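> Spelled out, the chains give:
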Amino acid sequence: MGESIVITSGKGGVGKTTTTANIGTALALLDQKVCLIDMDIGLRNLDVILGLENRIIFNLIDVLEGRCKLQSALVKDKRFDCLHLLPAAQTSDKNEVTPDGIKELIEELKPDYDYILIDCPAGIEQGYKNAVAGADKAVAITTPEKSSVRDADRIIGLLEQEGLETSPYLIINRIRKHMMDSGDMLSVDDIVSTLSIELLGIILDDEDVIRASHHGEPVAFQPDTKASISYRNIARRILGESVPLMSFDNDQGFMTKVKKLLGMK
Amino acid sequence: MSEMKHYITMKGTNKGIVVYLDDQCSFEILLQELEDKVKTSESSGKTEITVHSQYRYLTDDQRKDIAQLIDQYSDMSIKKIDSYVLTREESYELYDNTTVKSVIKTIRSGQVHEVKGDALVIGDVNPGGTVLATGNIFVMGKLRGIAHAGFNGDESCVVAASYMHPSQIRIANKISRAPDYDVEGSPREFAYVNSETEQIELDQLQHLQKIRPNLLDVFERGL
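Heads up: the protein sequence lines correspond to chains D and U, in order.
Take 1 as the starting number for the first sequence in full-length UniProt numbering and just add one per residue.
Take 1 as the starting number for the second sequence in full-length UniProt numbering and just add one per residue.
For the record, the hints were derived by calculation from the structure and aren't laboratory data.
Computed from a predicted structure; not experimentally measured.
Mixed in with the good hints there might be a few duds.
SDA-like mimics (lysine to any residue), calculated; alpha carbons at most 20 Å apart, straight line [claimed, not checked]:
no.: 1; chain 1: D; residue 1: LYS146; chain 2: U; residue 2: ALA178
no.: 2; chain 1: D; residue 1: LYS146; chain 2: U; residue 2: GLN168
no.: 3; chain 1: U; residue 1: LYS105; chain 2: D; residue 2: GLY163
no.: 4; chain 1: D; residue 1: LYS146; chain 2: U; residue 2: ASP182
So here's chain U without its partners, still in its complex pose (with noise of 0.2 Å):
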C-alpha cells in the first residue's frame, strides 16, 4: 500500500465513534474517501455515530451528501453533525436564545411580556398578566400570573420565582394550574416537568442546582 494521507480518522469516544473529518482538504476528497471507508468497513449491527467537520462549515447540501453516502452503504446512522464553527447568524441566534433578558416593572392585569432567551422579571407578576420566554423564566418577586417557559418546546426549562403563587404554570406544551380552592402561595420554589410523570411539579429553589445541574449551560442547550 502506498503512503496515503487519510482525510477520515474513526475514534472510539466514550459518546461512542466519532468520524473526524479533515478540514483543509477538498469537500470532493473527503466524500470520495468517506464512501471508500464506508463500503469497507464491516459493519457490525446498526451503530449511531457522530460525524465531526473539524473547521470545516458544512452547508446543509454537504450535511445531507454526508448522511446520504452514510445511509447508502453501512448500516450506521449518523446520531448528530458537530462542527467547531458556527456562522454569524447561528451565533447571534444562540446568543439571542441563551442570553438573560431583564426588565424591571411589574407585568400587570393584560400585559404580555415575551422574550428570547431567559426571562428575569425584577418585580411581580400580578394576576392576569403573562411571562412567556423560550428560556427559563425567574421572577424576582410576586409570580402571580401565568409563566410559559420554553413556549418554542424546550421541555428542560424552568420556572421560578421569589414567591411562587401563580395562576398558571406552562412549560412547553405542559400546562398546570392552581387548584379552585383558595391556596397560599410559597417562597423561593421553582416548577419543571418531571422527566418521569410528565408533569409540571413545584419543588423548592434549593433543589434547583440538583434537579437541573446543567440550566445555565449554553452549549448544553443551543447546540
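Next comes chain D alone, as it looks inside the complex (with noise of 0.2 Å):
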C-alpha cells in the first residue's frame, strides 16, 4: 500500500514542480514505484520538466469525468520503467475537481504505488484543498526569502488542521550560501526555528536545476551535481534513511583541506 505526499508550499515559484519531478525521480533511482500527479489544472508544468509533454493522451480531467481508464491516462517515464505521471489538464481549471474525486482516485493508485507525490498549486483556495485531500503526508517548501516563509508558516498552519498522519516536513530551496552568510538572507536555523517542524533537506540555487529542466530531464538524474546530491538525500530520508544535511561549503582547494586536517586554518 503506497503513501501519498503532496508538496505544497502557498507562494507561487518557490520550486514545487521541480521538487515534485526531482523527488519522484530519486525516488525511481532507488527502485521505489512512484506516481506524480499534476494537480495545477489549467497551468500544468510537472510534464515540461519531466520531458513527456509529448506522450500526454488523457488527463486528471479525463479520468475524473469518466472520459477514459485510469490506467489509460498514466503517462510512462523515459527513463523509467517504475514511475509515472498523472497530469493535468491544460483547458479546463480548478474548480472542476472535488476534493472527495481526488481522493477516491488517490485510494484507487495506492496498491499500485510505493510513493503518490500531489504537485500542488499555488494559493490557499479550491486547488490548494483538492491537492490535499488525498495525502498521508505533506511537504512544504520554502525559499529563505522572508515572503516565502510566511506564506510557508500559513500554509503549514492550515495542513496542521488536515488531519495528516504526520506534521509536515519541510524543504528549503535555493539556498544561496553567500547571501546567507552576509546575513542578506534568512538562514536556514532561522526558518526551521520560525516554522519550527522537521526538515527534510536543503536544495541549493544551482544553475544545474535550471539547465535540466530546460532539457526535459529533472537534475536528480545527474549523478554529481550539488543539487541533485540534496534530492537523492531527501528521497532516502523519506524512505527512513538517517542522512545528515549536506554543508554548504563551497569546493576547497587540496591544499586548504590539507591545511585544515593539519589544523593551520
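Hints in hand, dock the two standalone chains.
Okay, here's the thing in C-alpha cells:
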C-alpha cells in the first residue's frame, strides 16, 4: 500500500513542481514505484519538466469525468519504468475537481505504487484543497525569503488542521550560501526555528537545476551536481534513512583541505 | 424613643462611608428605613458612599430603587454597591474572565487564537499570527505576531513574552507597532499601558511585579 505525499508551498515560484519531479526521479532511482500527480489544473508544468509533454493523451479531468480509465491516462517516464505521471488538464480549471473525487482517485492508485507525489498549485483556494484532500503526509517548500517563509507558515497552519498522519516536513529551496553568510537572507536555522517543523532537506540554488528542466530531464538524474545529491538525500530520508544535511562549503582546493586537516586553518 | 431594631448601619472605614443593609428583613422595610435615614441625615456637601447589601442579592430593579432614593433625598452619590453574594451566572462569567486558558501550539500566519480571560501560549506566535484575550497574554516562546490583550477595554492588562519581537501590541484600544527599521527582539519583556503617558511601553519582566502588583488578583479585576 503506497503513501501519498502532497508537495506544497503557498507562494508561487518557489519550486514545488521542480521538487516534485526531482524527488520522484530520486525515489525511482532507489527502485521505488512512484506516481506523480500534477494538480495544477489549467497551468500544468510537471510534464514539461519531466520532458513528457508530447506523450500526454488523457489527463486527470478525463479520468474524473469518466472519459477514460485511470490506467490509460498515466504516462510512463522515458527513463524509468517505475515512474508514472498523471498529468493535469490544461484546458479546464480547478473548480471542476472536487476533494472527494481526488481522494477516491488516490485510493485507487495506492495499491499499485510505493509513493504518490501530489504537486499542489500555488495559493490556498480550491486547488490547494483538492491537492491536500488525498494526502497522507505533506511537504512544505520555502525559499530563504521572508515572504516565502510567511506563506509557508500559513500553509503549515492549514495543513495542521487537515488531520494528516504526521506534521508537515520542510524543504528549503534555492539556498545561496554567500547571501546567507552576509545576512541578506534568512539562515536555515532562522527558518527552522520560525516554522518549527522537521527539516527534510535543503537544496542549493544551482544553475544545473534550470539547465536540466530546460532539457526536460530532472536534475536528480545527474549523478554529481550538488542539487541532485540534495534531492537524492531527501528521497533517502523519505525512505526512512538518516542522512546528514549537506555541507554548504564551496569546493575547496586540495591544499586548503590538507591545511584544515593539520589544523593550520 | 422606643426600642427599635436598626436595619441600616453606617460605618466610616478607610474606603469612605459604607452603608450596611440588613440582609434578613424585607426589602420594603429596608427601603423605608433608608428613606427616613437619608431624609434626616445632615448632608455635608457631596459625599460618595458604598452600599453593602451583605448576604442579600439585589436585583437590578432593587439597585435602581436604592440609587433613586439616595439621589432624591440627599447630596450623596453611590460609588459602588457591594455584596457578599453572586449569582451562578455571574460567578461563571467571573471564572471565565479571570482564568488562564493555555494552548500548546504555534500560532502561525493567518491564525487567530481568541480566548476569554488570560491567554497562555506554550509555543511561538509567528509573524502574521494573532492572539486575542479579554485578559492578559503570556507567550512562552517568541512573540513575533500581533497580541491584543484586554480587547474588551481593560487597560490594566499586559502582554508578556519569553522573547519579545512583536509586529504589533494592542492593549484595550491602544496600539503600538514595531518601528520601520529592523530591530532585534529582546528576551523576557512585557508590555503595559503607562497610566501617565497613556501609551504602551515595554519593560523587563522582573519589573512586572512592581508595575502590576495585582495582576492575578481575581477580585480586583472581576468585580
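> Give a verdict on every hint.
Verification of the supplied hints:
For a cut-off of 20 Å, the pair hint linking LYS146/D to ALA178/U stands: about 16 Å separates their Cα positions. Proximity of LYS146/D to GLN168/U is assessed by CA-CA distance (about 18 Å); at most 20 Å being required, the pair is judged to hold. Only pairs whose Cα atoms come within 20 Å are accepted, and LYS105/U paired with GLY163/D is accepted, the gap being roughly 15 Å. A hinted pair counts as satisfied when its Cα atoms are at most 20 Å apart, and LYS146/D with ASP182/U qualifies at roughly 13 Å.
The structure is consistent with each of the numbered hints, conforming to all of them.
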